[in-house]
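As given, the protein sequences belong to chains A and H, one line each in that order.
Numbered per the numbering used here, the first sequence spans residues 21 to 387.
Numbered per the numbering used here, the second sequence spans residues 21 to 387.
You may find that some hints are simply not true.
Any copy will do: because identical chains look the same in the list, a pair fits if it lies in one copy or spans two.
To be verified - Using 30 Å as the maximum straight-line C-alpha spacing, the simulated DSS-like pairs for lysine-lysine come out as follows:
| hint | residue 1 | residue 2 |
| --- | --- | --- |
| 1 | Lys319 | Lys334 |
| 2 | Lys249 | Lys141 |
| 3 | Lys131 | Lys108 |
| 4 | Lys271 | Lys153 |
| 5 | Lys287 | Lys315 |
| 6 | Lys58 | Lys267 |
| 7 | Lys22 | Lys263 |
In short, the hints are calculated from the structure, not lab data.
Fair warning: this is a prediction, and the values are worked out from it, not measured in the lab.
Protein chains: 2
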Amino acid sequence: MKIEIDSKKVFINSGNNKEEIHPFWLRERINNEDALDKGNQQRLFDPNSINTNIYIEKIENEDGLLNLFFNDGTNYKIKEDQILNEYKSQNLDPISIDKIKWDSNFNNFQKFKFENDIFEKKIMYDLLVSFYKYGFVVLTNVTTEDNFIIKFANSIGSVRRTNFGEFFNVRSVPNPNDLAYTSLALSPHTDNPYRKPVPCVQLLHCITNNVSGGNSTLVDGYTVSEKIKEDYPEYYEILSSVKVKFKFIDKTVVLEDMSELIKLDEKNNFKQVRFSPRLDYAPILEKSKLDLFYKARNKISELYNSDKYKVEFKLETGDLLMMDNHRLLHGRTKYDVNEGDRYLQGCYIDFDSTEGKLRHLKRKFNL
Amino acid sequence: MKIEIDSKKVFINSGNNKEEIHPFWLRERINNEDALDKGNQQRLFDPNSINTNIYIEKIENEDGLLNLFFNDGTNYKIKEDQILNEYKSQNLDPISIDKIKWDSNFNNFQKFKFENDIFEKKIMYDLLVSFYKYGFVVLTNVTTEDNFIIKFANSIGSVRRTNFGEFFNVRSVPNPNDLAYTSLALSPHTDNPYRKPVPCVQLLHCITNNVSGGNSTLVDGYTVSEKIKEDYPEYYEILSSVKVKFKFIDKTVVLEDMSELIKLDEKNNFKQVRFSPRLDYAPILEKSKLDLFYKARNKISELYNSDKYKVEFKLETGDLLMMDNHRLLHGRTKYDVNEGDRYLQGCYIDFDSTEGKLRHLKRKFNL
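This is chain A alone, in the form it adopts within the complex:
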């Protein structure tokens, strides 16, 4: 792929196709001091105030640096590489890291060791790349300072508060208002499917864990969705088209959102899973359609709960788990409160936090 100049026009040549680049596209990218803020790279002009009837009057090419002279009297220099890079990245997922499917064989995943100032180091970049590949990451050797989870969240990006507050304590308590606050097993689920928007990433920080059970479990919703797509296309079709209602009711709030259990993007690729069988309400549909839906939901539940797709590990004191709540399901095995204490603190962040930090580090280390 390369840039070509021909009769005062700029072309992009991909080998089998040569396409003129719109002169306004080039004009809009003017980078002179009075047009673009040096610091934040924001335009100092409104492109809608420029006449759209723009053309190029002269082009000088200085070893891949194009000097463009436009008919409205402006000119500036732009590198061919900048144009090519922007073109190559324009239709990609903003972070363009391919998801890697995994199942129970992935139990020996890499853990990352926490260190001071980690948020500005190369290891943070590696950790975030791993997070986008697998949907989760575990850090060890994290301080067990109370509320540190919030500091951690705000050092990547910004904590996403909910009506439960900035963070929540996962600990067995008397008269719990949720199964999470007991010592019972939790089957795989996604968090807050009734929220709009659904929090993107959950962080869980282990302050104390001296019981023998209470292992963390994770399932890759992407792997399971793709499996269903392959083996049970009818189920995949209905799970990705019927919207169920997720509900959460409390004294001062009634939260509801509707979504497919498998949410696809505009190109029919995997986008998000939601699963929380105590909170979901299928609509009244034709009986035959609901028949199929219930069978499909049973199948996805069976796979989510199967040992084949689950990794299981113990969060030790000082471990911190970060997981994609749009891609992964999480749960835990039961434990015995008489053996000791298990105390985790959790909170959420959104994708702008993880992506924003990842892009920053990529820029910083020229990766």
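Starting from the structure of chain A, add chain H where the hints point.
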């Protein structure tokens, strides 16, 4: 529309159509004490653990209260009305309040007066309904306490923190890093189009405003989108299909997201507008397509900036503006710093906050 019983089956009859309700749909709604938590209405069982081959063995109808006996030995009572209500609401927007289009003629909109404990009162319900109808609402007589905006946000739902912090101060400062922090005019825009997800609702609290300019301006992106759809279908088509990249670059973060300027939902209805002409980057497309895109973007910019669609009003000391950042554009007129001080505090919340409170109040006041 009514419920009918026929040979141990439950039907929904809409007048011209009679459809059996799937017995599993009914079985899943079991509301006995050992099946449903009285407080949070959450299931105490996993419906995926029930055999899907469920049928009804006996139905007793006691004046619209159905007593259902299933083949797995369970039984419970459910009101016909509950089934009908769930059926009627199942495909509606979760809050089912129709948006009302408005333009500059709407300058005399109703303001709401703040009062103690407003968040649990009927007036809060009216205010939220108005917010969903018009996309914004103004409260007067709010305390001018510093940071009160955060208390306000967390009393509706939960503040949405960003990398700018929990809230931001809009005030003219020396060496500003954004036009917002000058006394210059701001043309209509949406906030944070580069964020993922984009904050849903912006709150702006006026602490001081003793300059003669600095009026707030609002434009209904829904009205303008519908206008373009009607008068310029080709522009509407390209604005709702070409994804542009929105960028925000700072020292410790690089935020990017891609979206159409007019975002439609799965049924091709209005969902969201984004507009921030200093931060958007159109992709390289065929020249003829970009030709059309730039013309279309010029047109929507022209309408957004036209006096025909804009309401303009002054936020007085103690006023609080709440606006839908997915629907509305906001801006301000310029002012003269030598005349006095203009000081606003702003923050964001999400739709789960406004919807969650609205549904709670609806339930509380039986509306």
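Right, here's what the structure says about each hint:
Taking the shortest Cα distances, lysine 319 and lysine 334 sit within 30 Å of each other inside one copy (28 Å), while across copies they are farther apart (58 Å). Taking the closest pair of Cα atoms, lysine 249 and lysine 141 never come within 30 Å of each other, the shortest separation being 39 Å inside a single copy and 49 Å across copies. In this homomeric assembly, lysine 131 and lysine 108 never come within 30 Å of each other (Cα to Cα): the closest approach is 33 Å inside a single copy and 50 Å across copies. In this assembly of identical chains, lysine 271 and lysine 153 lie within 30 Å of each other by CA distance solely across copies; the values are 26 Å between and 39 Å within a copy.
In this assembly of identical chains, the alpha carbons of lysine 287 and lysine 315 lie at most 30 Å apart whether taken from the same copy (26 Å) or from different copies (27 Å). Taking identical chains as interchangeable, the C-alpha atoms of lysine 58 and lysine 267 lie at most 30 Å apart only when they sit on different chains, with a minimum of 14 Å there against 48 Å within one chain. Proximity of lysine 22 to lysine 263 under the C-alpha cut-off of 30 Å is restricted to the inter-copy arrangement: shortest distance 24 Å between copies versus 46 Å within a copy.
Hints 2 and 3 from the list above are not met by this structure, while the remaining hints are.
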